[in-house]
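Chains as they are written, first to last, in this note's numbering: chain C, 1 to 397; chain H, 1 to 266; chain Y, 1 to 213.
Misleading hints may appear alongside valid ones.
As the list claims (entries may be wrong) - Sample of chain Y residues lacking proximity to chain H, with all beta carbon distances greater than 10 Å (derived):
#, residue
1, 57
2, 119
3, 125
4, 144
5, 152
Unchecked claim - Lysine-lysine pairs mimicking DSS-like chemistry, simulated, CA-CA at most 30 Å apart:
#, chain 1, residue 1, chain 2, residue 2
6, C, 232, C, 134
7, C, 134, Y, 209
8, Y, 209, C, 131
Claimed, not checked - Simulated DEER-style distance windows between Cβ atoms:
#, chain 1, residue 1, chain 2, residue 2, range
9, Y, 25, H, 100, 44 to 52 Å
10, Y, 43, C, 62, 48 to 56 Å
11, Y, 157, C, 131, 48 to 56 Å
What the hints contain is simulated information worked out from the structure, not anything from laboratory work.
Glycine residues also receive a C-beta, built at the ideal position from the N, C-alpha and C atoms.
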Amino acid sequence: MSETTVSQQSGPIGEGVTARQVSGVSIRLAGVTKRYPGQPAPAVDAVDLEIPAGETVMFVGPSGCGKTTLLKMLNRLIEPSGGKIFLGDEDVTGQDPDQLRRRIGYVIQAGGLFPHMTVAANIGLVPRMLKWDKERVTARIEELLELVGLDPAVYRDRYPRELSGGQQQRVGVARALAADPPVLLMDEPFGAVDPITRQRLQDELLRIQEELGKTIVFVTHDFDEAVKLGDKIVVFDVGARVVQYDTPEAILADPADEYVADFVGAGAALKQLSLTRVHDVQLRPVTTASVGDATAEVVARARAAGDDYVVVLDRRGRPISWPSLPELERVPAVPGTVDEKLPVVGHGSTLNDALDTMLAASQGGAVVIGRRDSLAGVVVIETIMEAIQRTRQGASE
Amino acid sequence: MTVDTGRSQAPSTAAEDERDTAPPRKGGGWRALAVQPTLVVLGVVAFLVWRSTTTLSETEARQLGWTVLANSVREHLYLTFAAAVIVLAIAVPLGIALTRARLRRFTPAVIGVANVGQAAPAIGLFVLLATWLGFGFRTTVIALVLYAALPVLRNTMVGIQGVDNRLVEAGRGMGMSAFAVLMRVELPLAVPVMLAGVRTALVLLVGTATLATFISGGGLGVLINTGITLSLNSLLIGGAVLVALLALAVDWLGRVVEHVARPKGL
Amino acid sequence: MWDFVVDRRELIAFQAVQHVSLVVQCVLLATVIAIGLAVLAYRSPKVTGLANGISAIGLTIPSFALLGILLAPFGFGITPAVIAVTFYAVLPVLRNAVVGLAGVDQSLVESARGIGMSRAATLLRIELPLAWPVILAGIRVSTQMVMGIAAIAAYVLGPGLGGLIFSGLSRLGGANALNATLVGTIAIVLLALVLDVVLLLVGRLTTSKGIRV
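Hey, can you work out the whole structure from these sequences and the hints?
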C-alpha cells in the first residue's frame, strides 16, 4: 500500500534531477571552536561555514584535521568550547542535546545498528521516542525500507547480523531518516564495505537525496566519493581550517592552492570522468521481459529491435538478469533467477563507476537503474570511450 | 556449566592479560600486585597487636597461645599444600592426557562428571568420605584433593585446547615429534591458563581446609568451630581473620608466580 | 536410603524449598546490587580495576571464615546466612557485569546518543541488553557457587539442606547418619543442576535473538 503512495510521489525517472524538492534546512556555523584540555592548539579553530538547505556538503581532509570533530559538534556529541551553531534561523547551541539529536539524522560506519533489535525496531526507535502512535511508526518503517530498496516483508523482522554489510548500511540510513529530520550527518558511512557495494550505496544515496532534498553533511577521506556525492566540497586542513569550499567542478578545475591540488591528486583530467553522470550520456534502449513470459515471443521482439540480449525484470520492475537470446531459447519461459553478477549502476553514478562495474563483471555494458531501482536503459563501453575521447580533446585544446 | 565458568574466567584473564602485558602498564602490573601483600601485612600486624593487647579467658588463651596458634597455622598450610601437590600430580597429567588425540573423545564426559561434582557442597563431600574412611588427616586430604582437582584439570585442558592449532601443525611440519610439540609449543602457551587454575585451586584449598575441623583434620577451622560452639567471639574472629589472610597471601603468591612465569612473548 | 527419603519426605522437601529460596532470593538481591555497582564503575577504568580487585579478593575469603566473622555481630540465624550468601553471589555477577558493560561496542553507544537517546535510555535499552548474556553467565556461576555455601550456612542455623548434612555429621555412626548426609548432598547437586537449567531457559527467553550465540 505504502509502496504505491511512494512511487506516485517519485514520478518518472529523471524528472527530479532538475527540480528537486528541498526538505532540509540550512546550517550556519559561527566561530565554532573545540579545545581539548592539555593540548596547545585547538582541534577545531573558529570555523565559519554556511551550508545551504537541501545540499549535500562533503567534508574532506587528512585524518586528524578535525573534520569529524566538527561534524560531531553539529549534533553535540562533542560540546563546542566556543562559537554558535544555527539550524535555519534557530540558535541551537544551548538546546538540550537529546532533543536536538532527534531532529538530526546520524549515520556512522556499518550503520551502528543495535544488534539486539530487529530492523523494524532499529528504524522505529526515534519515532517511538517522539511518541508517534503505533500505526504511524509501522507505516513509516515500511515506507523507509521501500525507500532504501529493501522489501519490508522480507527484512522487517530480521536482525542486523542476518543482513549483508550493504543492507546494514541501508537500514542505518533508514533509521537516520525515521523521524524525517531536515539534516543528515554521515560520518564515513561507506568506509567499511567493499568497492562494488560502496558504489551501489552511493548511487542509492544520490537517488534518495534526489527524492528528499535533505541537508546532508558527509565526512569522507575519499576524494572521489566527495566528487561523486557532493553538491559542494569543503577541504579542511589541520584545526578544521577551511582551505576551499566550492563545487566539485570548481575544485577540480581550479584548486585554491598547492595543498588542495595535492589532495585532489594527479590525473585531474581523468577525474572529469567522475563528473560526468550516467544520466548525462546516451543510454541504449533495450528489450525487456517479465519473469514467466513465453521466450519465443520475447526473442522475436528482441530480434525485431536488433538486440542480441534482453533484460529480465521482476514484478517490481527491477532488473534481475540479462540473458542472451541463445540462452533464452533453451527454455520455454523466462526464468526468475537473479543474476548476482549483473552489472548495475544508478543513473546518478559517474562514468567512472560505470566503467569500474563493467570491468569488475567483465562485461561490455551495464544496466542502468533509476528511481526505485527501475530500469532506465543500458550504458555500453563505447559510450564511455567516446566520453573519455571528448574530455581528452577538451583538455588538449 | 563448562561454557559458563569458562566464559566468566575468560574475560577476567583477558583483562589481566591486557593489564599485565601492555608495555606502558608493565609497572602497573607490579603495582597492582603490591596492593594485596600490603593488605595482608596490615592484617597480620593488626591481628598481632590485637592478640598481644586483649585480655583472654582461659579457654581462649589456650587456643590462641602462640605455640597452639602456630601449630594451627602450620597444620592448615600442611593440609593445603599436601593436597595441592597431589592435585598437581594427578590433575595436570590427566588434563594433558585428555587432550591427546586418542583420549579426546572422553573429554566431554570427564568435564561433565567433574562439573556435577563441582556443584556438590564441600561439607557433604567431607562428611560422606568420613563415614566411609573414618575421621582424620588422611580423609581430609583426600576430600580436599577431590574438591580442588577440578579447576586444575579443567584449566589444563582449556589451556592446551586454546593453543592455536596452526602452531601445533607448524611444529609438526618442522619435524617435531608429538611429544616435542607438547613440551615446546602447547604447554608453554598453555601455562598462563594452567597457572590461573592452580591459583584458584590453592585458594579453594585454603578455604575448604577450614572444614577439616568437622572430621578432626585440624587446621584453623578448629578455632572458628570452637569459637562458634562455645560462643567465644575472639576465637571465632581470630580464626576467621587468619584464614582470610592466609587465603589472600596464597592468592597473591599465585599471582606473582603467574606474573613471572608467563611466557614473555605473550 | 529410599526408605529414609520416603519417611522424611516432608522434612526434606521443606529444607529443599528453604535452600532454593535462600539461594534464589540472595542471587536476585546480589544481581541488583552487582549491576548497580557495575553501572557506577564501568565508565572509569580506575573504578573498574577496583571493582575487579574487590571481586577477586572477596572470592578468596573462605565462606566458613566469613560466616564466623558475621556471627559475632549478628548471632545465629538467618541474617548472617543471607549476608554471606549474598556477598559471595555479588562477586561473579559484579565482575561479569563490569566486563559485559565495558565490552559494549562504543560506536553503538555513540550511535544511540547520536539519535537522541538520553544517557539513562542508552544504558537501559542498549548497554544492559547487550551485556545481559555476560551478566547472566555470571549469575549462573554465582548460583552454582552459593548452593554449596548455603549448605555451610546451615551450620550457623541458616535454613536449608545443609541441616541434613550436619545432622548426619553429628550422629556419625548412627543409624541414618549416612543417609542424611547422602540425601542432603545429592539433593543440593540435583537442585543446582535444576537451577542451572532454569537459568539457561531464562537466558533463552530474555536474550534477544539478534545477539544469541
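Hint-by-hint comparison with the structure:
1. Not every beta carbon of chain H lies more than 10 Å from that of residue 57/Y, the smallest distance being close to 6 Å; the non-interface claim is violated.
2. Every CB of chain H is more than 10 Å from the CB of residue 119/Y (nearest about 24 Å), matching its label as outside the interface.
3. Residue placement check: residue 125/Y keeps its beta carbon more than 10 Å from all beta carbons of chain H (closest about 23 Å).
4. In this structure residue 144/Y is not separated from chain H by more than 10 Å, as the shortest Cβ-Cβ distance comes to only about 6 Å.
5. Not every CB of chain H lies more than 10 Å from the CB of residue 152/Y, the least distance being 6 Å, so the non-interface label is violated.
6. Pair hint residue 232/C plus residue 134/C does not hold up; C-alpha atoms about 39 Å apart against a cutoff of 30 Å.
7. Under the criterion of a C-alpha separation no larger than 30 Å, the hint pairing residue 134/C with residue 209/Y is consistent with the structure, at around 23 Å.
8. Between residue 209/Y and residue 131/C, the direct Cα distance comes to roughly 26 Å. Compliance with the 30 Å bound is thereby established for this hinted pair.
9. Checked against the hint of 44 to 52 Å, the pair residue 25/Y and residue 100/H passes, with Cβ atoms roughly 45 Å apart.
10. Taken as a hint, the range 48 to 56 Å is violated for the pair residue 43/Y and residue 62/C, whose Cβ atoms sit roughly 31 Å apart.
11. Take residue 157/Y and residue 131/C: their Cβ atoms lie about 54 Å apart, and the range 48 to 56 Å holds.
Figure legend: structure checked against the earlier numbered hints; hints not met, in rising order: 1, 4, 5, 6 and 10.
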